[in-house]
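Going by the UniProt record's numbering, the letters in the sequence shown line up with residues 1 to 88, in that order.
Simulated from the structure, these hints should not be mistaken for lab results.
Warning: the hint list may mix true and false statements.
[Unchecked claim] Derived pair list, reagent style DMTMM-like, types lysine to aspartate or glutamate, alpha-carbon separation capped at 25 Å:
1. Lys68 / Asp51
2. Lys68 / Glu55
3. Lys68 / Glu82
4. Lys47 / Glu82
5. Lys47 / Glu74
[As the list claims (entries may be wrong)] Computed beta-carbon distance windows for the label pairs:
6. Ile16 / Ile36: 36 to 44 Å
7. Ile31 / Ala77: 19 to 27 Å
8. Leu72 / Asp27: 21 to 29 Å
9. His78 / Asp51: 34 to 42 Å
10. Val53 / Arg10: 18 to 26 Å
11. Arg10 / Ile63: 50 to 58 Å
12. Arg10 / Lys68: 40 to 48 Å
13. Leu28 / Val53: 21 to 29 Å
Note that CB positions come from ideal geometry on N, CA and C, so glycine has one too.
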Amino acid sequence: MKDRHGGETRGAAGWIARLHVPATVNDLSPIAQRFIFRLRVVAVYRKAGRDPVAELTSRVGSITVAVKSLQLFESMAHVWPEPVHVQR
């Protein structure tokens, strides 16, 4: 079925339906999984009022990677329009 603009309405409906299904971490690439894990560690430690650098360093094995990850997440928090929540 075509809509008034000539596009496929079923295609759009399919996209919308897929957006309603929550993605799992297992569906992501290993790099994306590590990114999400680090983001969650930072969120939990920030919520607890603790510095996440030591925990990130022990988990990733490098203080440089831990600090750069934290800097990236802080930059994202400054430009993101709403607070990020950790969902369980």
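Here's how the hints hold up against the structure:
A threshold of 25 Å between alpha carbons decides the hint, and for Lys68 with Asp51 the separation of about 14 Å falls inside it, so the pair holds. Restraint check for Lys68 and Glu55: the C-alpha separation of about 14 Å stays at or below 25 Å, so the hint holds. Restraint check for Lys68 and Glu82: the C-alpha separation of about 22 Å stays at or below 25 Å, so the hint holds. Of the supplied pair hints, the one linking Lys47 and Glu82 holds, its CA atoms being roughly 16 Å apart against a limit of 25 Å.
Between Lys47 and Glu74 the alpha-carbon distance is near 14 Å, which keeps this suggested pair within the 25 Å criterion. Distance hint for Ile16 and Ile36: a CB-CB separation of about 24 Å, inconsistent with the stated range 36 to 44 Å. As the Cβ distance of Ile31 to Ala77 is approximately 21 Å, the hint placing it in 19 to 27 Å holds. Checking the proposed 21 to 29 Å range against Leu72 and Asp27 shows it holds: the Cβ atoms sit about 22 Å from each other.
Hint check: His78 to Asp51, Cβ distance near 18 Å, so the stated range 34 to 42 Å is violated. The hint said 18 to 26 Å for the Cβ distance between Val53 and Arg10, and at roughly 49 Å that hint is violated. Against the hinted window of 50 to 58 Å, the Cβ-Cβ separation of Arg10 and Ile63 comes to about 51 Å, which satisfies the hint. Range check, Arg10 to Lys68: Cβ separation about 44 Å, and the 40 to 48 Å hint holds.
Remark: the range hint 21 to 29 Å for Leu28 to Val53 is upheld by a beta-carbon distance near 24 Å.
Checked against the numbered hints above, the structure violates hints 6, 9 and 10; every other hint is satisfied.
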